[in-house]
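Let the hints inform the model, and build the full structure from the sequences given.
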Amino acid sequence: MSKAPASVEFRNVSKRYGAVTAVDDVSFGIEPGTLVTLLGPSGCGKTTTLRLIAGLEMASSGTISIGGVDVTRLSAADRDVSMVFQSYALFPHMSVLENVAYGPTVQGAPKALAREMAMEKLALVGLSGLEKRAPSELSGGQQQRVAVARALVLEPQVLLFDEPLSNLDAKLRRRVREEIRELQIKLNLTVAYVTHDQEEALAVSDRIIVMSNARIAQSGTPYELYEEPASLFVADFIGDANILDAELVEERGPRALVRLGPMELDLPRRGATAGPIKLAVRPDALRLAPADGDGAGRGVDGRVAKAAYLGKQREYTVATPVGDLFIVDSGRTPARLVDAPVRVAFSDSGIVVLPR
Amino acid sequence: MKRTTSARIDAAGLTIVAWAAFALAPWHWLDFSGAGPNWSTYPLGGAGSGLALALAPALGWSGEWWLLPILAPLALASAASLPGRDARVRAGLLIAAGALGLALTLGQGFAVGLRGWNAQWLAALFGAPGPRQEGMGLGGVTVLACFLFMLCRGLAGRGWCRGDAFVVTSIGTVVALILLFVFYPVGKILVSAVQDNDGVFAPYEFVAKFADRSIWGLDCVGGNLRCGVAWNTLLLGVLVGLGSTALGLAFALIATRSGFRAKGALRILSVLPIITPPFVIGLALILLFGRSGVVSTTLSAWFDIPPTRWIYGLPGVLIAQLLAFTPIAFLVLVGVVQGISPSLEEASQTLRADSWTTFRTITLPLMRPGLANAFLLGFVESLADFGNPLVLGGNFEVLSTKIFFAVVGAATDQGRAAVLSIVLLGFTLAAFWLQQVWLGKKVYTTVGGKGDSGLPTPLPRFVAWACYATALPWAAFTAAVYLLILVGGFVRSLGRDYTPTLNHYLTAFRIDSGASGLRFTGSAWDSFFATVQVAALAAPVTAAIGLLTAWLLTRESFSGKRAFEFGTLLSFAIPGTVVGVSYILAFNVPPFELTGTGLILVICFVFRNMPVGVRSGVATLSQIDKSLDEASLTLGARSFTTVRLVVLPLLRPAIVAALVYSFVRAMTAVSAVIFLVSAQYNMATTYIVGRVEAGEFGLAIAYSSALIVVMLVVILGIEAAVGQRRLGRREATPVAAVAGG
Numbered sequence: 001m002s003k004a005p006a007s008v009e010f011r012n013v014s015k016r017y018g019a020v021t022a023v024d025d026v027s028f029g030i031e032p033g034t035l036v037t038l039l040g041p042s043g044c045g046k047t048t049t050l051r052l053i054a055g056l057e058m059a060s061s062g063t064i065s066i067g068g069v070d071v072t073r074l075s076a077a078d079r080d081v082s083m084v085f086q087s088y089a090l091f092p093h094m095s096v097l098e099n100v101a102y103g104p105t106v107q108g109a110p111k112a113l114a115r116e117m118a119m120e121k122l123a124l125v126g127l128s129g130l131e132k133r134a135p136s137e138l139s140g141g142q143q144q145r146v147a148v149a150r151a152l153v154l155e156p157q158v159l160l161f162d163e164p165l166s167n168l169d170a171k172l173r174r175r176v177r178e179e180i181r182e183l184q185i186k187l188n189l190t191v192a193y194v195t196h197d198q199e200e201a202l203a204v205s206d207r208i209i210v211m212s213n214a215r216i217a218q219s220g221t222p223y224e225l226y227e228e229p230a231s232l233f234v235a236d237f238i239g240d241a242n243i244l245d246a247e248l249v250e251e252r253g254p255r256a257l258v259r260l261g262p263m264e265l266d267l268p269r270r271g272a273t274a275g276p277i278k279l280a281v282r283p284d285a286l287r288l289a290p291a292d293g294d295g296a297g298r299g300v301d302g303r304v305a306k307a308a309y310l311g312k313q314r315e316y317t318v319a320t321p322v323g324d325l326f327i328v329d330s331g332r333t334p335a336r337l338v339d340a341p342v343r344v345a346f347s348d349s350g351i352v353v354l355p356r
Numbered sequence: 001m002k003r004t005t006s007a008r009i010d011a012a013g014l015t016i017v018a019w020a021a022f023a024l025a026p027w028h029w030l031d032f033s034g035a036g037p038n039w040s041t042y043p044l045g046g047a048g049s050g051l052a053l054a055l056a057p058a059l060g061w062s063g064e065w066w067l068l069p070i071l072a073p074l075a076l077a078s079a080a081s082l083p084g085r086d087a088r089v090r091a092g093l094l095i096a097a098g099a100l101g102l103a104l105t106l107g108q109g110f111a112v113g114l115r116g117w118n119a120q121w122l123a124a125l126f127g128a129p130g131p132r133q134e135g136m137g138l139g140g141v142t143v144l145a146c147f148l149f150m151l152c153r154g155l156a157g158r159g160w161c162r163g164d165a166f167v168v169t170s171i172g173t174v175v176a177l178i179l180l181f182v183f184y185p186v187g188k189i190l191v192s193a194v195q196d197n198d199g200v201f202a203p204y205e206f207v208a209k210f211a212d213r214s215i216w217g218l219d220c221v222g223g224n225l226r227c228g229v230a231w232n233t234l235l236l237g238v239l240v241g242l243g244s245t246a247l248g249l250a251f252a253l254i255a256t257r258s259g260f261r262a263k264g265a266l267r268i269l270s271v272l273p274i275i276t277p278p279f280v281i282g283l284a285l286i287l288l289f290g291r292s293g294v295v296s297t298t299l300s301a302w303f304d305i306p307p308t309r310w311i312y313g314l315p316g317v318l319i320a321q322l323l324a325f326t327p328i329a330f331l332v333l334v335g336v337v338q339g340i341s342p343s344l345e346e347a348s349q350t351l352r353a354d355s356w357t358t359f360r361t362i363t364l365p366l367m368r369p370g371l372a373n374a375f376l377l378g379f380v381e382s383l384a385d386f387g388n389p390l391v392l393g394g395n396f397e398v399l400s401t402k403i404f405f406a407v408v409g410a411a412t413d414q415g416r417a418a419v420l421s422i423v424l425l426g427f428t429l430a431a432f433w434l435q436q437v438w439l440g441k442k443v444y445t446t447v448g449g450k451g452d453s454g455l456p457t458p459l460p461r462f463v464a465w466a467c468y469a470t471a472l473p474w475a476a477f478t479a480a481v482y483l484l485i486l487v488g489g490f491v492r493s494l495g496r497d498y499t500p501t502l503n504h505y506l507t508a509f510r511i512d513s514g515a516s517g518l519r520f521t522g523s524a525w526d527s528f529f530a531t532v533q534v535a536a537l538a539a540p541v542t543a544a545i546g547l548l549t550a551w552l553l554t555r556e557s558f559s560g561k562r563a564f565e566f567g568t569l570l571s572f573a574i575p576g577t578v579v580g581v582s583y584i585l586a587f588n589v590p591p592f593e594l595t596g597t598g599l600i601l602v603i604c605f606v607f608r609n610m611p612v613g614v615r616s617g618v619a620t621l622s623q624i625d626k627s628l629d630e631a632s633l634t635l636g637a638r639s640f641t642t643v644r645l646v647v648l649p650l651l652r653p654a655i656v657a658a659l660v661y662s663f664v665r666a667m668t669a670v671s672a673v674i675f676l677v678s679a680q681y682n683m684a685t686t687y688i689v690g691r692v693e694a695g696e697f698g699l700a701i702a703y704s705s706a707l708i709v710v711m712l713v714v715i716l717g718i719e720a721a722v723g724q725r726r727l728g729r730r731e732a733t734p735v736a737a738v739a740g741g
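Heads up: the sequence lines are chains A and B, in that order. For the first sequence, the UniProt record's numbering assigns the number 1 to the initial residue and increments by one for each residue that follows. For the second sequence, the UniProt record's numbering assigns the number 1 to the initial residue and increments by one for each residue that follows.
Quick caveat, the hints were computed from the structure, so don't treat them as lab data. Any given hint could turn out to be false.
[Said to hold, decoys possible] Partner residues are not named here, just some residues of chain B that face chain A (Cβ under 10 Å, in silico):
1. 8
2. 162
3. 346
4. 352
5. 621
6. 624
7. 625
8. 626
9. 628
10. 632
11. 633
12. 637
13. 639
14. 642
Every value quoted in this text rests on a predicted model; they were computed, and no experiment measured them. Backbone N, C-alpha and C fix where the C-beta goes; we use that ideal spot for every residue, glycine too.
Okay, here's the thing in structure tokens:
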């Protein structure tokens, strides 16, 4: 790679369509050479944000810079940014090679050079030998790689992915996302990646920006988002969480004494004040114990309301006095039947106080 | 930096072209048909350049001082082209130059006419009659276009349409052309309707003409007198709408929901209306049922039934239009019937409804919008039809023919023609409006993107029989009519003398090989060549403008897009006769003096058929994912490159459709062009109509069948030449299957 990766900087960027605001006063930065995911439910503005980086939409206000240069008013063709589209957007009337060589060709590169650049990138994604094919003669995963090769061929400062895995089957997704991450690290690329799949985001990202209702809900490393969600929305969206009503009994400096049903928990306070609060409890923080309980650890008694067998794990919903609890049991324990009385044990980690 | 430079180069290029056109090119329209333009006085005189004519009065020569102000916007444009200017300032200067230039150039053109000042207040201010000038020519039009492009370039520089100059210029060009060739002529009709024939404002005359008994009279209800022409037109339109819808439905049901064997034959129905000049049906009816028609003479010989003139009038026109427009209804309704998801009918049957109940409660209601659509189409087509009422109408007058005779008849009355045009235009626009309001919101498309594997329910038995009973005799009748058209040219005189002869073809298409090579001495050759020439010129222009418009409509968002869309489709709703009258009114006088040229025919076809290009373009483009364009943009291609390399190759089917339709429609049109033809540029259709009026049926029918054959050849030829869209679909060859797996 001849070019150094560039940073991306959004400063108070908004995008409005008439009365609708798709992106509302958003500011964030992407460090050079990192992979940042824009994550959120559909309609949250993540794709619009990506298209704003690409120059396919023009910001209504605010400034966007790439590599320290203000590009807010530059059209897509003038920005050094490439994009892998959700539908791949491979030109159906061109061969694989013609597709990948399209960028250099329209930039005025000689035919031989364009071809050489294209072949190099096709080799990089492992598609050598398929360059004469039409895109429709390739499998979904191969088409996806052509799209990546085409986006890489101009060695852009920033590479954008718009839900690149959504058209692949579940098994392929894991492999392709690993390949994308490997490629990003190997070529030291700045990548912005849009997805609505939180597991995918956690797996590939250096940082994740969670968006909700056209605004940023939280941004941070995957660990920060999972372990320290800033809001109920983030806690619920990233990983499953049982959201429970609890009461903060006593503030103890950075920690707090929280009462949840019959239990008293000592947790990081995270800015919450005394009074009713919400707790996010990860399903893996809960464990099923025999109903008559040997008393080991804290817990509540309940009754199995739903049970599902998923092979590598069992999922239960248990009705308890503190609310319905969703529990993932990945141990090789015997199955619990619906209506069986059980005790739910709470571990020490995986329980967070949600700040107001 | 790169962008600023390219903006400067654009500005400089436009300015140079504008200066060259103003200084060198003949400003006015030159007439090459007669002795040719007089070059001896160049750069002054009739072929003089704008600059010379503008400066001449200052030196005491005769010139045109009103061209002098155009120097001001040209100076502004020059200032914008200087290097080292700020981009915003440059854009501002270009906008000013473009807007001022358009205003001044058009202003002088409309102010100074053939006979002095065009407006009374100008005459009052500066004294009558004032200066005179001819219409604009190469110089004037080029300067106008340059000013328009400058304005667009400037607006793009100010950030319109994401700063994309190609997009802004495309929008500007299409809008300007539509304003000039659709709205300006129609506006001219409205204006001349409220004027008397000397151009004086006369609202009372308009009211009197509008409320005239010959238009709205209802005498036929009570007595034996004739009804107003408006009522005749409406009655005919409704009857044709109902009839063609019923027949079309019968055909559509047979084609899609029955085990009928000869479905392929029904498909021919869909090609017929495209390649048949509209009045040919009327002509065939005369040859069948006229006083000396085949059927009439046979009946009188065998059963002693005296031949009458019953075919001339409402019955004849009705039958002719039903024959002509039933295929259109069929095309609409086939789509509708196929669009009904079979699983809905299967659902109904699993709920214990028998086939008749299913048909009555599910199938028919789902077809209702399609039926209404077919009815309105038939109605509008009937209103716009000119050829059949002209040859078959007799005493039964409709608006389109009445308009024609108001312009070319013994009592020429342009004001009256304008009023009648307004009535006809009102009817058609009302029908289109109804269609939009009524059907626009209720789209009963029941086939979604998901696979639908149900089987259509067979028709209830007696519905099927009703369909066969209606459709099959009608199909036989249609076949007989077309057979007659093809055979008629080869016998001496249909109905009287069936001796086989090639005389009609020889008269029309004789080719002599003399000393000077081949000579086309047949009487039809002139009009035939003129028609092919005009149609061949019009087709690519129509396709280009139509597809460009379609691309703008589907891919770009800009303010006023709805109005833009309406404007592009409006010309489709205007009946041909109205277009003809409006073009005469608008383009007979400066600044755009085009009547009598071949150019006006080309322009007329381009803007009448453009909506076909727009529609087929929009249909194809909406199937092409927008992300293809965007992928090209993010790879550094500008919008023009994207259109050239990505959009156009994928648009091939739409290009074929637009080329075929515009060519064929230009060959078969009669209503608008009959006003615009000249001795030099006679069209095939108007020539044939002339032969029909002169009673030379054999020649007319021979020429018509020749036209039909030529058009078939052309359709197949264009399809072969432009080819099918190459999508590289997986093909069922063993090689591809192995390699693909």
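Hint check results:
1. 8: 17 Å, violated
2. 162: 5 Å, holds
3. 346: Violated: closest Cβ of chain A sits about 30 Å from residue 346 of chain B, beyond 10 Å.
4. 352: Violated: closest Cβ of chain A sits about 37 Å from residue 352 of chain B, beyond 10 Å.
5. 621: Check failed: Cβ of residue 621 of chain B comes no nearer than 14 Å to chain A, outside 10 Å.
6. 624: Since the shortest Cβ distance to chain A is 9 Å, the answer is holds.
7. 625: Holds, because the Cβ-Cβ distance from residue 625 of chain B to chain A comes to roughly 6 Å (cut-off 10 Å).
8. 626: 9 Å, holds
9. 628: 5 Å, holds
10. 632: 7 Å, holds
11. 633: Check passed: Cβ of residue 633 of chain B comes within 4 Å of chain A, closer than 10 Å.
12. 637: 4 Å, holds
13. 639: 8 Å, holds
14. 642: Given a least distance of 8 Å, the restraint on residue 642 of chain B holds.
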